[in-house]
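If you're matching them up, the sequences are chains W and S in order. The opening position of the first sequence corresponds to residue 1 in our numbering, with each subsequent residue numbered one higher. The opening position of the second sequence corresponds to residue 1001 in our numbering, with each subsequent residue numbered one higher.
Be aware that one or more of the hints could be misleading.
Below, simulated DSS-like cross-link-like pairs (lysine-lysine); rule was C-alpha separation at most 25 angstroms, straight line [what the hints assert, rightly or not]:
#1 S:1065 with S:1050
#2 W:2 with S:1057
#3 W:2 with S:1065
Sample of chain S residues with no beta-carbon within 10 angstroms of chain W, all distances over it, derived [claimed, not checked]:
#4 1024
#5 1062
#6 1064
#7 1065
No wet-lab data here; the hints were simulated from the structure. Beta carbons are placed, not taken as given, at the ideal position from N, Cα and C, and that holds for glycine.
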Amino acid sequence: MKDRVALVASGALLLYVIAMTALVPLGPGLIALEPVEATPLQRFEVVGLGTHFAGQTTQTRVFVGQPGAVWEWRVLEARDNSRLLVEAVWPEKLKSKSLDVFVYHPTDGTLLLENALHVDHLPVDAATAFPPLSQPIPSGDGLGLHFPFQPQIFESIRNLLWHVPMWFTMFLLAGIGFVASIRQLGSNRLLPADGQAEAASRVALFFGLLGLITGSIWARFTWGTWWVDDPQLNGALVTVLVYGGYSVLRASLEDAMLRARLASAYNLFAFVILVILLLILPRFSESLHPGKGGNPGFNAYDLDSTLRLVFYPAVVGWGLLGWVLYRLGLRMDLVTRWMESLDPPLDPGPSTTPNSPLP
Amino acid sequence: MKLLSILFLQATPMEAVFFGSGKAWVVLAVGATILLGLVGWIWRAQIRLKELEQRMKSMDAEQTKP
């Protein structure tokens, strides 16, 4: 009964996650400041993604500069929702050659593009400061539910709802296997814990593979390649291989007691390696991966309220599905062993077909 | 209201392609079909397992009778 409740709950949560992943739009952001060819340094186009520049142009304001030295450019027209034509206004000197661009739009709110423009034609004085803006900048309030805009990541931020929960689920199941292996090692008899460790590690391996696949696809879209030589990525691969080795070890041993003891000892090391390679080592070395090697994690900047609305249900939903698969595997192993022990073997029943989930 | 605001905010070309052409709904439909198929498969497996577990228990009980 509990298994069915968990299955229905996981199905409902994951259905919600799929719907939100597909339907919630990406929030607006800036992706470039492009000079207009005929009038370099005088007219620019601010290029946005997911923006709504075509509406409320008169209330749209554009600022450039660095913190403490920001001034305003004139908005000429919105060419479409993602392109805003602006006229540059230059001060006598700059605080820095590198300028950020800020756009305020009544619907999109305040958008920032860091280091949007490099300027060489004006003198630089680090002590330059401009008076504060004469009019306060209200916050945008016209935008509905949306995922946060992040440079480089763009629409692929939706993958956060799939990739990260896979690893959480793997940790959950690897933890179950770890505890079961400890229980088995503490006994001289063959315990059900050995079967629990086997079933949990098998599903953990499955979710680890899904984590690798979703991560590799994400890397292709944000880093430009399927795989990079990164401690987090290599650690994840090694971890999955170690759990694959657990299955090979079990399959290679005939004696049940010997298999239980060796596999349990191996599983303890596998879990420790999982923690070291995925949680500890990447934090002490440079890594492209968010949350590792000095990179801020999504939690710091990107896991805003909309993402949390979907991310937490995704974690619970995938975790429940992992639990259901673990329980299913455990029960199937038990029944299969019992059926094989019968002489003659039990006919599983008329409704069993070649495609049946049962042997 | 939030759902309505989601649906009416699709404005840029990328959003227009994804949402305007109905591809978001296709993604949703495909994902939901796969998920429901998986849930249905597990549900059916659980029912079959329950039957076999009951047979296992009854046969074990018969064997242990004095």
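Here is how each hint holds up against the structure:
1. S:1065 with S:1050: Roughly 23 angstroms separates the two Cα atoms, so the pair holds.
2. W:2 with S:1057: holds (19 angstroms)
3. W:2 with S:1065: violated (31 angstroms)
4. 1024: Violated, since 5 angstroms does not exceed 10 angstroms.
5. 1062: Holds: least Cβ distance 13 angstroms, greater than 10 angstroms.
6. 1064: The claim stands: residue 1064 (chain S) keeps its Cβ more than 10 angstroms from every Cβ of chain W (closest is about 14 angstroms).
7. 1065: Holds: least Cβ distance 17 angstroms, greater than 10 angstroms.
Of the numbered hints stated above, those contradicted by the structure are hints 3, 4, listed in ascending order.
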